[in-house]
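*Asks:* Below, each chain spelled out in residue letters.
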Amino acid sequence: MVDHVDLERQLRRYADHVEGAVGETAVEPVPTRPRSPRLAVAAVVALVAAIGLAFVVVDRDSGSDVDIDPARDGSLEPTAQASDSNAEGDGGVSAETPPEPKLMPAGEIPPAPLSPRSSTLTIRIGDEVVVWGGDRDALDEVYGDGAVYDIATNEWRAMAESPIPLTDDTPTAIDLEDRLFVSRRQHAAYYSVADDVWTELPSLSGELIRELRHAPEIDSIFALGARGVYQFDLSTDSWSELGGRGDSIEWTGEKLVSVTGDPGGSFPVDTWTASTGWVEETTIETGVSQVAIDTGLVDGEVWIVGYDMTVDVWDPVTGEQRSLPPLPIDFTEGVPRVFVSSAAGPDVVLVDREPGLVTWSGEGWEVRPRLDIAYGATLDSDGTGGGAWWGYWFDGGTPDNALVVSQVPTPGDPREIVLGSVVLELAPEEQLIEMGVGERDDGFEPWAVISAEIGRCRLDDAIGERVDGTVDIVLGSNVISVTCDDPEAPRRLAPRLRSVDVDDERTAYILGQSLGTPDGLVPVSTVVGLFADTAMATLRNEGLVPVTEFRVVPFGDPQVGVVLAQAPIGFTEVEPGTQVVITVGEAGPDPDQ
Amino acid sequence: MSSEPAIDALLEEATRRLRRALPAAVGVDAAPDAIAHALAWAWEHRERFVGLANPHGYLYRIAVNEGRRAPRVPELPAVDPVRLPEVEPGLVPALLDLSPMQRQTVWLVHACDWTYVETAEALGITASAVGTHLTRGMTRLRTSILGDENHG
Chain A
199 MVDHVDLERQ
209 LRRYADHVEG
219 AVGETAVEPV
229 PTRPRSPRLA
239 VAAVVALVAA
249 IGLAFVVVDR
259 DSGSDVDIDP
269 ARDGSLEPTA
279 QASDSNAEGD
289 GGVSAETPPE
299 PKLMPAGEIP
309 PAPLSPRSST
319 LTIRIGDEVV
329 VWGGDRDALD
339 EVYGDGAVYD
349 IATNEWRAMA
359 ESPIPLTDDT
369 PTAIDLEDRL
379 FVSRRQHAAY
389 YSVADDVWTE
399 LPSLSGELIR
409 ELRHAPEIDS
419 IFALGARGVY
429 QFDLSTDSWS
439 ELGGRGDSIE
449 WTGEKLVSVT
459 GDPGGSFPVD
469 TWTASTGWVE
479 ETTIETGVSQ
489 VAIDTGLVDG
499 EVWIVGYDMT
509 VDVWDPVTGE
519 QRSLPPLPID
529 FTEGVPRVFV
539 SSAAGPDVVL
549 VDREPGLVTW
559 SGEGWEVRPR
569 LDIAYGATLD
579 SDGTGGGAWW
589 GYWFDGGTPD
599 NALVVSQVPT
609 PGDPREIVLG
619 SVVLELAPEE
629 QLIEMGVGER
639 DDGFEPWAVI
649 SAEIGRCRLD
659 DAIGERVDGT
669 VDIVLGSNVI
679 SVTCDDPEAP
689 RRLAPRLRSV
699 DVDDERTAYI
709 LGQSLGTPDG
719 LVPVSTVVGL
729 FADTAMATLR
739 NEGLVPVTEF
749 RVVPFGDPQV
759 GVVLAQAPIG
769 FTEVEPGTQV
779 VITVGEAGPD
789 PDQ
Chain B
75 MSSEPAIDAL
85 LEEATRRLRR
95 ALPAAVGVDA
105 APDAIAHALA
115 WAWEHRERFV
125 GLANPHGYLY
135 RIAVNEGRRA
145 PRVPELPAVD
155 PVRLPEVEPG
165 LVPALLDLSP
175 MQRQTVWLVH
185 ACDWTYVETA
195 EALGITASAV
205 GTHLTRGMTR
215 LRTSILGDEN
225 HG
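Chains as they are written, first to last, in the working numbering: chain A, 199 to 791; chain B, 75 to 226.
In short, the hints are calculated from the structure, not lab data.
Do not take every clue at face value.
What the hints assert, rightly or not - Just the calculated beta-carbon pair ranges, DEER-fashion:
no., chain 1, residue 1, chain 2, residue 2, range
1, A, Glu359, B, Glu121, 49 to 59 angstroms
2, B, Glu87, A, Glu353, 17 to 27 angstroms
3, A, Glu359, B, Asp171, 14 to 24 angstroms
4, B, Val147, A, Asp513, 38 to 48 angstroms
5, A, Asp393, B, Glu121, 18 to 28 angstroms
6, A, Pro787, B, His119, 55 to 65 angstroms
7, A, Ser559, B, His119, 47 to 57 angstroms
8, A, Arg210, B, His119, 27 to 37 angstroms
9, B, Glu121, A, Ala358, 46 to 56 angstroms
10, B, Glu87, A, Gln777, 46 to 56 angstroms
11, B, Asp187, A, Gly754, 20 to 30 angstroms
12, A, Asp338, B, His119, 39 to 49 angstroms
The structure presented is a predicted model; accordingly, all values stated were derived computationally and were not measured.
Each residue gets a CB set at the ideal place from its N, CA and C atoms; glycine is no exception.
Please build the complete structure, drawing on both the sequences and the hints.
*Replies:* Shown next as structure tokens:
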């Protein structure tokens, strides 16, 4: 029988053999190679992780039901792949092919060497994320500095000073594989990530660049300005003025398409090629005074999102038009930013407010839960994560200063989700759940949407407590009783639930679908949040050995005597007699003495 | 080697440790290139490398990053019952059947004797996560091998 010790011994012996196999090949340091050509896609980096997971976070400030999106079933589904999303003057990027997926290092992301700001250029190049520029309206400040985050090493480095003058416009960029084409207002420059070198380019005097589109077939970048369309020749680093008009442009691979909104209720559609110049192709009638919010190329067709969330599709080859149902987006409080990205997958529309991410199934619009409350819907170029297309908020090292580099999930693999700067690792049988708190006369009742199938369920072994104006959900035990209100078939479940504090205001709740415990092993209960004596008794009852460490907390803090952390974490299945280290809050000195 | 004995010694040690640690992540064939890339980085950034608290974990990450173009399931040699009579033939398929994170934690901790902290830094995860992956990985290994025994 293979016991634990024997298995270790076998692993070591096999490793001896494998090491010898590697050692038969000479290993000599090679001269530093040039960086591998970066895939010509820029994944825009988001604040929160993969789409398709159940929405998670409870706002602990809320005293009533939290208005959050319905949970999904916890399965991760790639939503889109290579993003051919287009750069806009709001910080979007253009993509060609998807980057290889890269695991996000779990744990804290170190603070960026940048001051707090928003509306940055945020662009992922391979395993690095470039964050540059931005502004801070509250202080009337604009920034010209930036930093590059290395995903592999979890480190930041400051960028060289940019020649682009400071303006309060969100920068945008095109990834040209060996360099970035960065623009801000009427200025442009190349930036080499590998060499950390900027190269100033000619500017478009008096213009305001609103959109960029890369046309690799003709080695050009098209820019839509306030006064017309321009072509930047990448071989000569020079601009040409093309004239024309438009609210949004799109490059089909053969021609430039420009869509203009008409107050009379239509979209004139023009095209441009070097040989034909501008051609008035057609007019899409919508009946509503129009502005083209954004366009996107989806399977060769031009999708046009209009001012009132209308969506029209025009085929530049056949000239055929069709209209889709309007986007299910409430714009009564103003028109949101909309960003169309096909990303070689389900057709995607990103919106900078609820619902955040909308996809077209072929029959109707499907709404994905919005993961990033503050900064807009997100979509990563490999289809599993997300990117804030107009930048995101840096808060100088607080939990808001965070990145997400999504992971392509593989069934059975643990999954990582980033909330703020906290990375959660989920076991395959775990899912983030939506939690809410219902106010009752005698307190608060926690509830959760366990899955789309089961729906809303009460957590019978949890208590909602109001503490200092916020509502905390205290879990009574690791395995809790859940009663789900199904009008047809009420069910009782006994999932395992654990919580992780994301920051001072948010807690993530993770539901574990128990797979049963292998013979001889015992599951470690989640004791975080329990008083130390209760926690120790719980662990001893499970045949485990609690070991106590202390962490100083302020005098009088409610966390005195409470378990703040444990290792191994809850759900871990260990052998009886395993030590479980619990970190308990210990009161600091009395400030009055 | 060079005229810098301190860095030479570190690189020799790093080479030895990476030779043993990397195959479970990138496979035997890809390991030499990955190691060479990591060593080149270490040499080029030797001042920084020498100052690292966990230089081998750092190089491991660089090497794995370089070797990520290798097949997702690394190629490991089968167990030769003549050369390795004390090793279960089912060990390698069971190892390859683990998730990458489980395989790497099992390999680094048990096959390479890396500490939880070293392993955590190499994999970019927390030490407690190492424990989680390790427990699950070892459980799956035992289950897989026991299953082979039961049918063997």
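*Asks:* Taking the earlier hints as the rules, which of them does this structure contradict?
*Replies:* Structure breaks hints 1, 3, 6, 9, 10 and 11.
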